[in-house]
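Novice: In case you want the letters, here they are:
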Amino acid sequence: MKGTVAEKLTLALAGNSNVGKSALFNQLTGLRQNVGNWPGTTVEKVEGTLYFEGLKIKVIDLPGVYSLSAFSADEKVAREYIASGEADVVINVVDATALERNLYLTLQLMELEAPMVMALNQVDAATRKGIEINVEMLSKELGFPIVATVAITGMGVKDLLSTALRIAKQGVRPPQPRYGKEVEERIVRLIEVLEAKADKLKLNYPKTWVALKLLERDEEIVARLSSTAEGKEIVALAERLAEELELIHGEPSPVVIASERYSIAARIAKACVQLKPRPEIPWGDKLDAVLVHRVLGYPIMIGVLVATFALIFTVGDLLVEVLEGFFENYAVPEASSFLLSLLPAEAVDLVVNGVIMGIAAGTTIILPYIIPFYLVLSILEDSGYLPRAAFLTDALMHKVGLHGRAIVPMVLGFGCNVPAVMASRVLETDRERLIAGLLIVLVPCAARTVVILGLVGRFIGIHVALAIYLLDLAVIVLLGRLAFKVLPGEAVGLIMEMPPYRLPSIKSVVNKTLVRTWSFMFIAFPLIVGGSVAIEAFKLMGLLDAFVAASKPFMEGFLGLPAICAVPIVFGILRKELTLIMLTEVAGTTNLSTVLTPQQMIVFTVIVMLYIPCIATIAALIHEYGVKKAILMTALYIVLALTMGALTNLFLNLVLS
Amino acid sequence: MENLQCLLEALRSLELKGVKPSSPEEVAKELEIGLEEAQRLLHEAVIKGLAKEVDGKYALTPEGLEEMHIHRESVVHNKLYHGASLIGKLSRIMERRLEDLDKHWEAKHGFNGFTVRGLHQGLMDLQGRVEDLAPLTSLTPGGKGVVVFALGGYGLVRRLAEMGLTPGTEVQVVRKAPFRGPIEIMVRGVTLALGFGVASRVIVRPLL
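Protein chains in written order, with our numbering: chain A, 54 to 710; chain B, 5 to 212.
It should be emphasised that the hints constitute simulated quantities derived from the structure, not laboratory data.
Being a predicted model, the structure only gives us computed values, none of them experimental.
In this text, a Cβ means the ideal position worked out from N, Cα and C, and glycines have one as well.
Misleading hints may appear alongside valid ones.
Stated by the list, open to error - BS3-like, lysine-lysine: derived pairs with alpha carbons at most 25 Å apart: (1) B:K24 to A:K329; (2) A:K285 to A:K255; (3) B:K148 to A:K339; (4) B:K148 to A:K182.
As the list claims (entries may be wrong) - Derived Cβ-Cβ restraints for the label pairs, each shown as a range: (5) A:K538 to B:D129: 45 to 53 Å; (6) A:L526 to B:E67: 36 to 44 Å; (7) A:K339 to B:D129: 54 to 62 Å; (8) A:L526 to B:E36: 40 to 48 Å; (9) A:G207 to B:K21: 51 to 59 Å; (10) B:T65 to A:K538: 41 to 49 Å.
To be verified - Covered by chain A, per the in silico footprint, the following chain B stretches (three or more residues, Cβ under 8 Å): (11) 157-164; (12) 186-199.
If we strip away everything but chain A, and leave its shape as in the complex, we get (with noise of 0.2 Å):
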């Protein structure tokens, strides 16, 4: 079919979160769907094709948004695309049941003068909700075409195309929105002197855009024109208009043109919406009078979390179980026998141990934690529930420079940090997403409970086990105060939607399952593989004798360890229950007592738990935050680490002497 397809077509899927708007990509593309990160972002970009009337057609699903400010990256990455061009229709997918404060994007969408379309989502709901809205009378007030559909049926998905398609062929686009008197003749005034000027300033956005962002001083925009001498004349014309408005309004200007918006908006749903006497509480309510109770909701949340956690790591150590007997007793002996008749014994090592432990790594730690991870996180994600625990959680959250929604990735943190530094996905601005991930690597993951309890726990008391881990709590609230004050950026508290509860569907969560394991994979397997043999080969090459004598002051000095805890921390970088395998290897027995004395116990454990994440979990902080921060955060844990291992190492000298 591919072959005979001549015409493409884009399309972009452009709405508020929580409308519906992947059920409907889903519904258009199926399974042909690809996942990435938007350029130079860290956003989520997600494509797919479909085959419509002889037509090849891109679906592009932009990430949901309230409005197209500069808020976050969610919102620059939206608006940049629709300004490019690169979508012949943008359909704005638009909640029934939220008319109002939906139109309040759309009338954004307008402004940015591209050919577009509304798919009116969940009509259903909206009927059941006692909503009925005109759809012909809402299209003639909005000026351009309207179907009302429901993503999860399927219901008007195929109008919803051929009106995109016929869109498309037209190339009409929307009319602009009238503000207010005051606002609309500071606007024209922007755009004479952009127009005077527009060669000068090669801004590829529609000018009546441009002039409104200027007024509601736009982060972005006046960054942008400041570059030029003509630019700032712009900007500073712009900022005085914007004071008169102020004058004008008593509110900033900002203000006075969301103002400005949603009074169109709520004239338009005033006019296209009837309400109808409801028969009923919706069930919706009713549950929430349970979930997000002052009392109840706390047991419940704290089942659901834990139950979360136990499907997970069952699920995960079940899979490990079987992939570890697959790869010891297979995969491994069968591999090296087989190269020792090929190649040298050292280069088999280098094989053998760097890239099959490597992928055995990966395999063993990832994907069965990552997998079922992904899915419990779409279902809590599609049903609502997440929103509902960041409400029970944000005055605790606060504590540590966070707020409510960071309270899924810091309790998975306690598993793995791996799905935790992803699930950091759900927080707002990049200074939240940042805070979280920062702190989320130190949560003591399963594998560093195994150090503290084995080690610790084991050969000194469980007494000094707990107080290792208030330690790391302290060090986490700690982090967290500083990281809040010190990141730049504003603060901005808690103003999130509720959304109604839905049921996932299986399409949905399974789809997104694959989609994200598949994307993480790609950026965690090279990284894991290749750590797994850089680290072969520095043993093979002779240079882990060498480190061991050049850390031997650091060591013994600093942290009054034996230098031979070197090779055991290097090791924990590939998965950090290593460094109790390797250190009862280079001590030669298993009774650690008669080797490290309790203090230096002590202090090995903190080092492990905070020094570098294991490498999967900077995998995950490539994947979340780029390759400079990751590495930043990276030098920041080992410092950390050799700080606190270091004062705790002359904390106890002091106390024990």
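Given the structure of chain A, go ahead and fit chain B onto it with the hints provided.
Specialist: Relative to the frame of chain A, chain B by itself:
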């Protein structure tokens, strides 16, 4: 002084409704007091230089406007940020002059210049009595209010407006989480959760 301040507020509210200067009858109606009482207060205000008389009608003088503004701002300050405690009252006496209060907002409450300016604007254009204002956090579940203004940095104020909390919007509190947790509200047919810190900076006029 209390009554006089109410008078100044009434004159300002009338001004914002486009009634300037206003007759004693209009003032009496606005304040819901007798005509004689209104005339007495207006006379007192004129003597103190807070209002001026033109052809039997009255308007605020710049001094009167400043006095009203200081009053409004200290009410917001005392009620929202220091309560009606002794320290709150003392600080109000200490900070009668507007610029001092500005410094106080910045030093003690961490407000930046933008936030303070927003507060000034919000209070200048306030219609009705400042005593009627309350932070969103003070509403009980089921209670309704109308947004008057939001206090905060540029990002917060803009975000709130984008989510539909523009001045004049009616909101209803659905529920509150314990331990100074978030507040769930209904606004424009959508349910939103606002963190306690955010909600305490949204100033509303409670509806009965």
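Novice: Run every hint past the structure and note whether it holds.
Specialist: Hints and how they fare:
At roughly 44 Å between alpha-carbon atoms, K24 (chain B) and K329 (chain A) are farther apart than 25 Å, so this suggested pair is violated. Note on K285 (chain A) and K255 (chain A): the hinted pairing holds, with a Cα-Cα distance of about 14 Å set against a maximum of 25 Å. Taking the CA atoms of K148 (chain B) and K339 (chain A), the gap is near 21 Å; set against the 25 Å cutoff, the hint holds. Simply put, K148 (chain B) and K182 (chain A) have alpha-carbon atoms about 21 Å apart, close enough for the 25 Å limit, and the pair holds.
Range check, K538 (chain A) to D129 (chain B): Cβ separation about 34 Å, and the 45 to 53 Å hint is violated. As the Cβ distance of L526 (chain A) to E67 (chain B) is approximately 57 Å, the hint placing it in 36 to 44 Å is violated. Look at K339 (chain A) against D129 (chain B): about 42 Å separates their beta carbons, and that is not inside 54 to 62 Å. In this structure, L526 (chain A) and E36 (chain B) break the distance hint of 40 to 48 Å, their C-beta atoms being roughly 58 Å apart.
Here the CB-CB span from G207 (chain A) to K21 (chain B) is close to 54 Å, well matched to the stated 51 to 59 Å. At roughly 45 Å, the beta carbons of T65 (chain B) and K538 (chain A) sit within the given window of 41 to 49 Å. Only residues whose C-beta sits within less than 8 Å of a C-beta in chain A count toward coverage, and the segment 157-164 of chain B has 8 of them, enough to reach three; the restraint holds. Coverage of the segment 186-199 of chain B by chain A holds [criterion: at least 3 residues with CB-CB distance below 8 Å; count 10].
Checked against the numbered hints listed earlier, the structure breaks hints 1, 5, 6, 7, 8; every other hint is satisfied.
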